[in-house]
Amino acid sequence: MVARDRDLVEAAQRGDQAAFVDLVRSTGDRLFALGYRILRDVDRTEDALQDALVIAWRDLRGLRDPDRFDAWINRVVTNVCISHATRERRRTVNLRVLPVDGPIAPDDLLMIGERDQLERGFRRLTPDERAILVLHHYAGYTLAEIADALGAPAGTVRSRLHHAHRAMRAALDAEARASTTGERTA
Amino acid sequence: MTDDRELSLILDRWLSDGPTEMPDRVIDVVAIGISRQRQRPAWRLDWRHLSMNSLAKAGVAIAAVVLVAVVGYNLLPGSTRFGGPAPSQAPTQPPPSATPTATPSAAASATAVFPTWYTPNPDDGGAGILTAGSHTTSSFLPPLTYAVPAGWVNHSDGTYVGLFPDTPANQAEFARSGEIADSIVMGQIDSPYFVCKGLENYRGTAAEMAAAAAANEILMVSDVADVTVGGLTGKRFDVRIDPDWDGNCPGDPPGSNYADGRTRVFFLDAPGRGVIVIFVGSLHATDHEAFVAPATQIVESFDFTL
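Same order as they appear, the protein sequences are chains A and B. All residue numbers for the first sequence refer to the numbering used here, where the first residue is 21 and numbers rise by one. All residue numbers for the second sequence refer to the numbering used here, where the first residue is -1 and numbers rise by one.
Everything labelled a hint here was simulated from the structure, so no lab data went into it. The C-beta atom is built at its ideal place from N, Cα and C for all residues, glycine as well. Where hints are given, some of them may not hold.
Unchecked claim - Between beta-carbon pairs, the in silico distance windows are:
| no. | chain 1 | residue 1 | chain 2 | residue 2 | range |
| --- | --- | --- | --- | --- | --- |
| 1 | A | Ala91 | B | Arg34 | 23 to 29 Å |
| 2 | A | Arg107 | B | Gln169 | 47 to 53 Å |
| 3 | A | Ser46 | B | Gln35 | 18 to 24 Å |
| 4 | A | Val22 | B | Pro21 | 22 to 28 Å |
| 5 | A | Ala23 | B | Thr284 | 52 to 58 Å |
| 6 | A | Ala174 | B | Pro241 | 25 to 31 Å |
| 7 | A | Asp193 | B | Ala291 | 52 to 58 Å |
| 8 | A | Val22 | B | Gly270 | 37 to 43 Å |
| 9 | A | Gly160 | B | Glu206 | 44 to 50 Å |
Said to hold, decoys possible - Covered stretches of chain A, as calculated for chain B (at least 3 residues, CB under 8 Å):
| no. | region |
| --- | --- |
| 10 | 22 to 30 |
| 11 | 73 to 80 |
| 12 | 147 to 158 |
| 13 | 165 to 177 |
| 14 | 181 to 190 |
So here's chain B without its partners, still in its complex pose (with noise of 0.2 Å):
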């Protein structure tokens, strides 16, 4: 029997073995493809490359997910979907307490403070603990109002915007697995390459989006829903992950496992800006039901800067 020593040994050893020179050739073909490929402005980037909480993994997740389907790939037959009611128009009902607060910026998320048990990314730019009211986004594009009641917490705010309310279910979550249980995660997807290579270039409608998603097979959709959020139109709907369908998208987060997972979709049309995804979710059915209607309902109170 190789004992561990022997065992880490052995591996060392057998994996200095191979080449460790990068052939000319790399370099010609690399100086080719970055001619014809433009850089992307940085808070474009996808969130795949930062440090994520789990309702941003899930959401990249139902993101790669939606997004293959929108380019037909079909993987398994037959097409399902979930009951309960299909999302309603954005309600009339004006968001929690808008009072407003001193608004964040980036040298604000500096020294924001967080909730103790959470330990947030120092290159999130979040501005930590909110006060009841309004607030706006310092880094993310286009700036973002919104308005929150007391007990949530802003942990991202730059390539995405995440907030997640300060509960007993995340706190436990994130004790357990390091991530994040019930949260609103909010991006840009306009050319994501967080999904299967080759789908890197697509651009869709909101409309677009929606529809491949409800004709996806993987995944569990209920009735698609026009909304208005933040003087932008676009799409609603609750999805999840077919739980019969065992794939992932090459390139998912390592370890996804988001079965259990349920989120409240939003694709929003954002001229000149592509579509704005919004993803209410939760890692586990049980937390969902509480956590979407308040969630949704800061949503709602988004208004965006364009």
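For reference, chain A alone in the conformation it holds in the complex (with noise of 0.2 Å):
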């Protein structure tokens, strides 16, 4: 953490409201990034995002090294986003897979039918897997960074990330089998 994000944390800690915001400008977008990956919906991700800001608030005298701050507001952020996906997903009953937001790399090596693949095995993930598998593959975390991250057992995460593993190759061979199919028909 660089000194002048180290003095807007202890400032913060003070109840100074403008360093906080200033914090928020300095680590908005790698947090919004976070929330959107797990929660795939830029609208849902900012509800989210918001909350965790205000509770990061609310609790920021609580954080006793400052210099641990990047850590701790990935933690509430991502504990915020997994709260929001397990509403929504109580709420949803029809697995339905929603348009991606966001732009979609036109190169590429994931075909279309990939993406649509890998949306729908993701969205079939618990929202705890989807964290662990967006702070493993996307923020670069360690198994135990994620166990510290979630509070839970190392040993859980791992088996959780081989999980949603599994069910992500899963939909990837399904795409491939459908195909190979297609092209077999045609």
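Make the complex out of the two chains shown on their own, each in a separate frame, by following the hints.
Listed below in structure tokens is the structure:
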């Protein structure tokens, strides 16, 4: 953490709202990107991030080491996103694939069908599994770091990551089989 | 078949797609939100953002369920109670030998000695292995004096107080899962946010919280008894999660599964400080019977400085 951010954290811990807003400006893009990967929806990510940041403000004085702010705020955002995803999952009876917000890279090794299957497979995961997958593959967390962030035993994180991988692999393989069948039919 | 390396590359690439810029309106909303939200004093923060042992988690889970009930979330029809005698009033027998010992301080916590099988969280501030006798918390507020027999460990003294016996059962559980099987956890719940969203500003008395627990259809609760601990009055009962209930409160720790857990709950009214909650709990029902009596005796030795 750069000295400026540490100063901002300490000022915010003393109740300086402007300092906290500055912190939000400097970390917001990263947190939004993280939250979006878990929730897969811009509007819901905005809602979750707003909730998480107000909670972070409320509890900031409990952060003993300002240098750990980044890990701490990641943890808050991740847990709030899991809560939002859990509520959404309960409301959603039928699984459906929502359109992906944001740009789709044009290159690309991933075909449209693969993307659809990944999206579909991802939405079948539990919120915890989604978060674990995102923290591992997007944020680059180790299993130990994920366990710390989620407050779960490392063994649990490992097994959930394994399950998530298996589910995502199954989704991709289903797409591959469908493509092969389509080619044969054609 | 997609191999592991290929799958990792695909996931890395897929997850890298998508928006990476926070809309400015989020900042506006947050600025308004924090202007209306007071910051909590550090010592009143909830436990979820700390590294917790199993009992703290179990306590949180049960607290979440209890408080869900307070605002009328009825997730299952029908109400059940489990058998067994109601918790009695605090017995009059004295706590274990109260040989005074050095009072742990914050500095002492930094050099605390723990059982070799246990890995403490340096942020938790526990005093480590306790000598038999009387001890006083160094960080938790309100200050607490308590008496333990030999063989107990104070693993947390900060936002919550945690105690566990150095037993083979705890050692085995810690080796297996990294958690503690049997322990005492105490904290304050006056505005917990670890419960479901929407309950954050709930405040209740010990009696109201106990009544809500008893009425909660997803808990199995013994009769609620009056109790006095350390000069504070409140309620005491035994509770477990209804084995037929398979839900969890959003925000409970991932992987939570407390179906086999048994907890003796104390809700104590602390004037001006909300409700102090004490959980005497076991992850496994088979351990609880032997654990709850000596642990309750320790709780009954609690003396708060208000």
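Hints and how they fare:
no.: 1; hint: Ala91/A <-> Arg34/B: 23 to 29 Å; result: 27 Å, holds
no.: 2; hint: Arg107/A <-> Gln169/B: 47 to 53 Å; result: 38 Å, violated
no.: 3; hint: Ser46/A <-> Gln35/B: 18 to 24 Å; result: 20 Å, holds
no.: 4; hint: Val22/A <-> Pro21/B: 22 to 28 Å; result: 24 Å, holds
no.: 5; hint: Ala23/A <-> Thr284/B: 52 to 58 Å; result: 53 Å, holds
no.: 6; hint: Ala174/A <-> Pro241/B: 25 to 31 Å; result: 28 Å, holds
no.: 7; hint: Asp193/A <-> Ala291/B: 52 to 58 Å; result: 56 Å, holds
no.: 8; hint: Val22/A <-> Gly270/B: 37 to 43 Å; result: 41 Å, holds
no.: 9; hint: Gly160/A <-> Glu206/B: 44 to 50 Å; result: 46 Å, holds
no.: 10; hint: 22 to 30; result: violated (count 0)
no.: 11; hint: 73 to 80; result: holds (count 7)
no.: 12; hint: 147 to 158; result: holds (count 6)
no.: 13; hint: 165 to 177; result: holds (count 8)
no.: 14; hint: 181 to 190; result: holds (count 3)
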